[in-house]
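Undergrad: Chains as they are written, first to last, in the working numbering: chain Y, 1 to 156; chain V, 1 to 405; chain B, 1 to 144; chain W, 1 to 331.
Incorrect hints may appear among the rest.
Residues from chain V shown here face chain B by an in silico Cβ test under 10 angstroms; the list is partial [what the hints assert, rightly or not]:
{"#": "1", "residue": "His45"}
{"#": "2", "residue": "Ile58"}
{"#": "3", "residue": "Leu63"}
{"#": "4", "residue": "Gly116"}
{"#": "5", "residue": "Phe128"}
{"#": "6", "residue": "Met129"}
{"#": "7", "residue": "Arg133"}
{"#": "8", "residue": "Arg135"}
{"#": "9", "residue": "Met144"}
{"#": "10", "residue": "Ser146"}
{"#": "11", "residue": "Val150"}
{"#": "12", "residue": "Asn151"}
Derived DSS-like pairs (lysine-lysine); straight-line CA-CA distance at most 27 angstroms [as the list claims (entries may be wrong)]:
{"#": "13", "chain 1": "Y", "residue 1": "Lys131", "chain 2": "V", "residue 2": "Lys169"}
{"#": "14", "chain 1": "Y", "residue 1": "Lys83", "chain 2": "Y", "residue 2": "Lys37"}
{"#": "15", "chain 1": "W", "residue 1": "Lys52", "chain 2": "B", "residue 2": "Lys140"}
{"#": "16", "chain 1": "Y", "residue 1": "Lys148", "chain 2": "V", "residue 2": "Lys291"}
{"#": "17", "chain 1": "V", "residue 1": "Lys213", "chain 2": "Y", "residue 2": "Lys31"}
{"#": "18", "chain 1": "B", "residue 1": "Lys126", "chain 2": "V", "residue 2": "Lys169"}
{"#": "19", "chain 1": "B", "residue 1": "Lys136", "chain 2": "B", "residue 2": "Lys71"}
{"#": "20", "chain 1": "V", "residue 1": "Lys55", "chain 2": "B", "residue 2": "Lys71"}
{"#": "21", "chain 1": "V", "residue 1": "Lys213", "chain 2": "Y", "residue 2": "Lys37"}
{"#": "22", "chain 1": "V", "residue 1": "Lys319", "chain 2": "Y", "residue 2": "Lys83"}
{"#": "23", "chain 1": "V", "residue 1": "Lys187", "chain 2": "Y", "residue 2": "Lys37"}
{"#": "24", "chain 1": "V", "residue 1": "Lys313", "chain 2": "Y", "residue 2": "Lys6"}
{"#": "25", "chain 1": "B", "residue 1": "Lys140", "chain 2": "B", "residue 2": "Lys6"}
{"#": "26", "chain 1": "W", "residue 1": "Lys52", "chain 2": "B", "residue 2": "Lys143"}
{"#": "27", "chain 1": "V", "residue 1": "Lys55", "chain 2": "V", "residue 2": "Lys187"}
{"#": "28", "chain 1": "V", "residue 1": "Lys184", "chain 2": "Y", "residue 2": "Lys83"}
{"#": "29", "chain 1": "V", "residue 1": "Lys287", "chain 2": "Y", "residue 2": "Lys53"}
{"#": "30", "chain 1": "B", "residue 1": "Lys71", "chain 2": "Y", "residue 2": "Lys131"}
{"#": "31", "chain 1": "Y", "residue 1": "Lys31", "chain 2": "V", "residue 2": "Lys169"}
{"#": "32", "chain 1": "Y", "residue 1": "Lys94", "chain 2": "V", "residue 2": "Lys319"}
{"#": "33", "chain 1": "W", "residue 1": "Lys52", "chain 2": "B", "residue 2": "Lys6"}
{"#": "34", "chain 1": "Y", "residue 1": "Lys94", "chain 2": "Y", "residue 2": "Lys37"}
{"#": "35", "chain 1": "V", "residue 1": "Lys313", "chain 2": "Y", "residue 2": "Lys151"}
{"#": "36", "chain 1": "V", "residue 1": "Lys341", "chain 2": "V", "residue 2": "Lys55"}
{"#": "37", "chain 1": "Y", "residue 1": "Lys44", "chain 2": "Y", "residue 2": "Lys17"}
{"#": "38", "chain 1": "B", "residue 1": "Lys85", "chain 2": "B", "residue 2": "Lys71"}
{"#": "39", "chain 1": "Y", "residue 1": "Lys94", "chain 2": "V", "residue 2": "Lys313"}
{"#": "40", "chain 1": "W", "residue 1": "Lys52", "chain 2": "B", "residue 2": "Lys9"}
For the record, the hints were derived by calculation from the structure and aren't laboratory data. Every residue gets a Cβ at the ideal spot worked out from N, C-alpha and C, and that includes glycine.
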Amino acid sequence: MGEELKIENEIVEDFKKFLGENFIDGNVQRKGRVFIKVKTDAYKEAMRHALEKWNTYHLSTISGVDLGDTIELLYHLHDPANKITITVRTEIPKSNPEIGTVSNIFPSALVYEREVYDLLGVTFVGHPNLKRLLLPEDFPENVHPLRKEWKPEEVK
Amino acid sequence: MSIEKRTFKIPVGPQHPALKEFENFTFTVDGERVIDVDFRIGYTHRGIEKLAESKTYIQNLYLCERICGICSAAHQGCYAQTVEELAGITAPPRGTYIRTLIWELERIHSHLLWLGIAAHEIGFDTLFMLVWRDREVVMDLLEMISGNRVNYAMNTIGGVRRDISDELKHRILKGLDILEERTKYYKEICMNEQTILVRAANIGILTREQALKLNAVGPTARASGVDVDIRRDDPYGAYGEVPFDVIVYDTCDVLARILVRVDETLECVKMCRWVLENLPEGDIRTKFGRKIAENEVVGRVEAPRGELLYYIKSNGTDKPERLKVRTPTLANILPVCEMLKGGYIADIPIVLAGIDPCFACMDRALFIDESSEKKWVWSREQLRIYSIKWYKEHGHEVVRERWKQ
Amino acid sequence: MAVLSKLVKWARIKSPWILHYNSGGCNACDIEVVAALTPRFDVERFGMLLKGSPRHADVLVVTGPVTRQTKNRLIRIYNQMPDPKFVLAVGTCTITGGVFRGGYGVLGGVDEAIPVDVFVPGCPPKPEAIIHGVVKLLEKLQKS
Amino acid sequence: MEAIELLLLLLKLIVFPGAIFCIAYGWFLEWFDRKLYARFQNRIGPLLTGPKGLLQPFADFVKLLAKEDITPLGADKLGFTAVPLLSVVISLFILLFIPTYSLTGVLSLPGDLLLVLFVSTVFGILIMFAGYFSGNRFSIVGTERTGLQFVAYEIPFAFSVISVAAAARSLEIANIVKYQTVNNLPLIVCTPIAFVIYLIASLAKLEKIPFDIPEAETEIVAGWQVEYSGRKLAFFRLATDLKMVFVSGFAAALFLAGPYGPSIPGLEPLFYTFWFIIKTLVIMFLLSNLRSLFARYKIDQVVQGFWKYLIPLAVLQILIVEGLIFLGIIP
Chain Y
1 MGEELKIENE
11 IVEDFKKFLG
21 ENFIDGNVQR
31 KGRVFIKVKT
41 DAYKEAMRHA
51 LEKWNTYHLS
61 TISGVDLGDT
71 IELLYHLHDP
81 ANKITITVRT
91 EIPKSNPEIG
101 TVSNIFPSAL
111 VYEREVYDLL
121 GVTFVGHPNL
131 KRLLLPEDFP
141 ENVHPLRKEW
151 KPEEVK
Chain V
1 MSIEKRTFKI
11 PVGPQHPALK
21 EFENFTFTVD
31 GERVIDVDFR
41 IGYTHRGIEK
51 LAESKTYIQN
61 LYLCERICGI
71 CSAAHQGCYA
81 QTVEELAGIT
91 APPRGTYIRT
101 LIWELERIHS
111 HLLWLGIAAH
121 EIGFDTLFML
131 VWRDREVVMD
141 LLEMISGNRV
151 NYAMNTIGGV
161 RRDISDELKH
171 RILKGLDILE
181 ERTKYYKEIC
191 MNEQTILVRA
201 ANIGILTREQ
211 ALKLNAVGPT
221 ARASGVDVDI
231 RRDDPYGAYG
241 EVPFDVIVYD
251 TCDVLARILV
261 RVDETLECVK
271 MCRWVLENLP
281 EGDIRTKFGR
291 KIAENEVVGR
301 VEAPRGELLY
311 YIKSNGTDKP
321 ERLKVRTPTL
331 ANILPVCEML
341 KGGYIADIPI
351 VLAGIDPCFA
361 CMDRALFIDE
371 SSEKKWVWSR
381 EQLRIYSIKW
391 YKEHGHEVVR
401 ERWKQ
Chain B
1 MAVLSKLVKW
11 ARIKSPWILH
21 YNSGGCNACD
31 IEVVAALTPR
41 FDVERFGMLL
51 KGSPRHADVL
61 VVTGPVTRQT
71 KNRLIRIYNQ
81 MPDPKFVLAV
91 GTCTITGGVF
101 RGGYGVLGGV
111 DEAIPVDVFV
121 PGCPPKPEAI
131 IHGVVKLLEK
141 LQKS
Chain W
1 MEAIELLLLL
11 LKLIVFPGAI
21 FCIAYGWFLE
31 WFDRKLYARF
41 QNRIGPLLTG
51 PKGLLQPFAD
61 FVKLLAKEDI
71 TPLGADKLGF
81 TAVPLLSVVI
91 SLFILLFIPT
101 YSLTGVLSLP
111 GDLLLVLFVS
121 TVFGILIMFA
131 GYFSGNRFSI
141 VGTERTGLQF
151 VAYEIPFAFS
161 VISVAAAARS
171 LEIANIVKYQ
181 TVNNLPLIVC
191 TPIAFVIYLI
201 ASLAKLEKIP
211 FDIPEAETEI
221 VAGWQVEYSG
231 RKLAFFRLAT
241 DLKMVFVSGF
251 AAALFLAGPY
261 GPSIPGLEPL
271 FYTFWFIIKT
281 LVIMFLLSNL
291 RSLFARYKID
301 QVVQGFWKYL
311 IPLAVLQILI
321 VEGLIFLGII
331 P
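Model the full assembly from the supplied sequences, consistent with the hints where possible.
TA: Here it is as structure tokens:
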């Protein structure tokens with residue numbers, strides 16, 4: 001078993017060494033799936049490191065999850081050549097949901113960040129045109145449907 | 001160089017054939033050339049991700065299937081497969097093979113449908129009618145297997161819901177032969193039919209670097225020389241054993257996108273035959289308890305339009321904590337904006353149809369043309385007529401100019 | 001005058017021009033409506049033509065659960081159509097919101113936006129079912 | 001005596017070669033065209049209205065008459081209502097010159113070829129007025145495009161007709177037909193290129209598929225027709241059908257010796273009408289065939305082709321005809 005996940009464990013070790021104390025934890029779920037949890041202020045370096053060292057140029061998407069008092073952002077990075085998916089995740093407090101944008105490293109993030117902004121209310125500092133992507137015009141401002149405390153009936 | 005500004009605004013008009021959700025593109029044009037593109041989507045935002053959190057895993061099977069009517073098996077298969085990984089169960093080999101068969105049959109159906117629509121975009125109605133007539137063959141096959149032409153509800157968590165009898169297998173093989181022969185005929189048309197060549201050859205260019213930088217997915221990326229295919233890069237279902245090769249063209253234009261999809265259809269027919277011939281014995285699904293322990297999984301599938309990603313997080317109850325879906329069309333939005341820049345207004349319908357977007361029926365396009373501030377809004381159909389007529393007037397210089405490049 | 005009104009009724013039944021409007025659905029019904037035009041089903045046999053402009057159409061075929069965004073557009077198109085006009089709601093989520101009912105982005109069915117004459121259930125209904133729906137509409141017209 | 005002649009003329013105008021016959025024949029041609037086009041696309045086309053769908057155009061017309069008639073606010077009231085009627089009236093007027101039941105049309109005066117040519121260009125102008133008067137933004141765009149195309153096909157159309165006139169050395173339709181009957185030589189033999197140009201140009205005049213000016217049949221949004229509904233739309237469709245009759249009847253007269261054909265001496269009118277219908281159906285078959293065939297061609301080249309290929313060809317055709325006359329090959 002260990003042999004087959006060699007690359008994945010190697011990735012986790014490498015991130016631990018690179019990030020030092022910003023590295024919170026990293027686990028290998030199965031072949032080709034690595035989850036790396038980092039502190040918020042080091043997540044950009046982690047993403048850039050993943051791009052340069054492990055050539056994960058393909059940002060599949062950004063998943064936002066509402067964990068009650070914090071919002072967790074998962075950046076799914078994928079390297080088609082050697083079939084590895086690294087998910088860099090970080091948590092931001094719901095009180096002031098702000099985080100830097102990665103659209104300068106991954107241009108495709110422009111669309112995904114707008115979606116998370118629209119549905120979860122996370123503002124991405126430095127995003128060129130952060131405006132509503134999916135919700136209709138007549139939807140009330142700064143109401144974010146994917147927040148757990150929001151109920152659909154409120155807006156009928 | 002003074003940029004001539006003219007704003008085109010399109011009244012909301014119905015669209016024919018109304019295919020998918022809406023989209024709204026704002027074009028900044030200088031005369032006939034498109035300079036800048038902005039987009040506004042979300043007309044079909046039905047709040048599925050919020051809805052999924054209030055439904056059980058079984059109910060979500062039928063919700064996810066109806067996200068996109070044309071790649072419904074891709075959505076449902078990906079959801080079922082991800083939830084299986086979440087619950088730690090694996091579908092029996094026969095179930096996985098049948099699920100793969102449905103994926104590939106749906107890819108044939110989706111690609112043929114798209115080929116007809118692309119022909120319609122350039123005013124080629126006869127080919128549109130013929131391709132859609134032959135597409136009925138694969139619709140019949142899918143109806144025989146699953147009982148419905150679209151939205152098959154074949155998958156369940158832990159396997160597949162219906163088996164394939166030998167007699168059915170025989171009929172599918174016969175249908176595949178007809179499909180293969182017709183698709184070869186259409187490929188031959190697309191290769192040397194002058195009408196298509198002029199409207200599709202080196203139009204809507206997406207260079208390899210742009211495709212990589214903007215993370216284009218599926219046939220759009222493969223038409224720009226990017227050798228990426230989730231079925232091979234992140235094997236799932238029965239794709240580990242099924243022999244297939246990935247079609248890659250590198251002319252980066254709409255014609256390449258047409259040919260990639262036509263070749264992929266032929267590839268699908270071969271794969272379906274292989275799957276049917278070595279269908280393993282055994283039952284087609286395993287048990288699935290209602291509740292799933294705390295876990296999170298990233299599931300990925302190669303849908304007909306590209307990489308489809310599901311991220312599901314469970315919290316021990318029988319309802320998912322979070323269901324995140326990223327459809328391939330969302331990933332192709334930025335690449336399509338790149339393709340449109342520098343092209344002509346008349347190319348917009350075919351370039352947009354090029355990525356086979358899940359909202360090919362752009363109901364509102366707002367053109368901003370700077371100099372004269374004139375507002376010009378066209379419905380999907382006016383734009384189609386404009387482009388066909390515009391090509392009549394400028395066909396020659398455009399062709400000459402393009403050959404010069 | 002009775003002959004004239006009989007003639008007009010016959011003409012209305014024999015040439016129902018349809019206008020298709022997709023109000024944010026998953027397109028399964030849309031491809032079935034378009035499939036009804038293609039050689040195998042060929043609605044032109046019944047004199048049905050798919051019209052582009054609301055001014056020309058008699059029957060408005062609506063598919064998809066009416067999302068908030070498309071609601072007022074749908075009403076505007078309905079008003080643009082000349083009388084006598086009819087509405088055909090194709091697909092379960094058009095009739096009741098179907099699987100998307102309760103979602104914040106969706107109305108609970110087309111009849112919350114515009115009056116509907118015939119409902120064609122099915123997800124998606126087969127082209128034959130859609131044609132049957134139009135025939136039902138014509139029968140209703142026949143009786144009225 | 002006067003009264004009977006007047007009555008006969010009135011009868012001719014209203015019933016036989018006049019309004020009723022032409023309108024009915026126009027609907028028949030529309031049915032014929034839709035059926036053919038559907039068959040080329042492996043479809044069946046109108047089937048259930050009347051025997052084999054024959055009454056489909058009639059049903060469409062009656063239904064549209066009974067629909068509500070909307071005049072948009074932006075539209076110019078007078079023009080918006082006048083243009084549909086005008087286009088029908090002009091179509092009927094021009095059909096009087098086409099010989100149907102005898103070798104001369106109901107009206108025939110020296111130089112009526114030029115009159116017919118001029119009146120046929122009025123169709124295009126009427127379409128532009130129709131789009132302009134409807135005051136709708138994008139129908140004005142549709143009109144602009146129609147105008148561009150109008151300029152493209154008018155000249156080759158006129159040239160092809162002139163080359164026939166040159167061959168028959170007369171500007172009167174009756175004489176052209178007589179010339180062909182006397183020498184027993186349908187002019188298509190010595191002016192084949194003109195016939196081909198005439199067909200292509202008439203496809204543009206009828207706004208059929210390859211010229212994609214929004215036409216009700218092709219299910220795409222009508223550019224200049226978009227604001228018209230109810231009665232006005234019915235008249236526009238009727239005008240298009242009448243134009244079909246005109247185009248095919250005119251071609252029969254110019255190239256295939258009009259209604260002339262072997263017939264029993266006593267019953268000329270009957271046989272002439274029979275031959276007239278046969279010839280116009282052949283021409284409609286060609287037009288419909290071209291229409292579906294053209295769909296396969298590079299559409300954007302077609303109008304470009306009018307200027308670069310059809311006009312020089314037409315001029316060449318005229319030179320050939322002059323040459324033939326000079327050498328005395330044709331009588």
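Undergrad: Sort out which numbered hints this structure fails and list those numbers smallest first.
TA: 2, 9, 10, 13, 22, 23, 27, 28, 29, 31 and 36
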